[in-house]
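Trainee: Numbering-wise, my numbering comes out as the position in the sequence shown, counting from 1, plus 371.
Accuracy of the hints is not assured; some may be wrong.
[What the hints assert, rightly or not] The following label-pair restraints were derived from C-beta to C-beta distances: (1) M385 x G416: 28 to 34 Å; (2) E439 x M386: 15 to 21 Å; (3) K415 x H393: 21 to 27 Å; (4) M385 x I410: 29 to 35 Å; (5) G383 x A435: 19 to 25 Å; (6) E439 x D384: 30 to 36 Å; (7) D382 x M446: 15 to 21 Å; (8) T442 x G416: 20 to 26 Å; (9) N381 x E408: 27 to 33 Å; (10) R374 x L438: 29 to 35 Å; (11) G416 x M446: 33 to 39 Å.
Note that these hints are calculated values from the structure, not bench results. Just so you know, even glycine gets a beta-carbon here, dropped at the ideal spot from N, CA and C.
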Amino acid sequence: ISRIRRHMMNDGDMMDVDEITHHLSIKLIGIVFDDDEVISYSNKGEPIVLNEKNPASQGYRNIARRLEGETVPLMTIRETEKGGFMKKFISWFKK
Numbered sequence: 372i373s374r375i376r377r378h379m380m381n382d383g384d385m386m387d388v389d390e391i392t393h394h395l396s397i398k399l400i401g402i403v404f405d406d407d408e409v410i411s412y413s414n415k416g417e418p419i420v421l422n423e424k425n426p427a428s429q430g431y432r433n434i435a436r437r438l439e440g441e442t443v444p445l446m447t448i449r450e451t452e453k454g455g456f457m458k459k460f461i462s463w464f465k466k
């Protein structure tokens, strides 16, 4: 599954991985997060997989490793909450 947007899944605005795989009746080989850096690299003519720290790059490399027969755990979808109390407090008023 490509172009996963963590914040949308976390907020319930996007189907989660289980819902997507069930709906499409597919076996999951990996997930790739949506990332603006993919476009930047593409515009420069460089493959994003060269940036080992990029989440999309990690997703593509994990898929390649699985296709080679390696057992690789899926990347975590849930983001850790950043911003502490104030972020949570403000989010209560956005609902």
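Trainee: State for each hint whether it applies.
Mentor: For each hint, the structure was consulted:
Separated by about 30 Å at the C-beta atoms, M385 and G416 satisfy the suggested range of 28 to 34 Å. Under the hint 15 to 21 Å, the C-beta atoms of E439 and M386, about 28 Å apart, miss the expected range. Checked against the given bound of 21 to 27 Å, the beta carbons of K415 and H393, roughly 38 Å apart, lie outside it. Look at M385 against I410: about 20 Å separates their beta carbons, and that is not inside 29 to 35 Å.
Range check, G383 to A435: Cβ separation about 31 Å, and the 19 to 25 Å hint is violated. Hint check: E439 to D384, Cβ distance near 34 Å, so the stated range 30 to 36 Å holds. A hinted range of 15 to 21 Å for the beta carbons of D382 and M446 is consistent with their spacing of about 19 Å. Checking the proposed 20 to 26 Å range against T442 and G416 shows it is violated: the Cβ atoms sit about 33 Å from each other.
N381 and E408 have their C-beta atoms about 20 Å apart, which leaves the hinted 27 to 33 Å range violated. A hinted range of 29 to 35 Å is violated for the C-beta pair R374 and L438, which are about 20 Å apart. Our hint of 33 to 39 Å for G416 and M446 is violated, since their Cβ atoms are close to 26 Å apart.
Against the hints set out earlier in the document, violations occur for numbers 2, 3, 4, 5, 8, 9, 10, 11.
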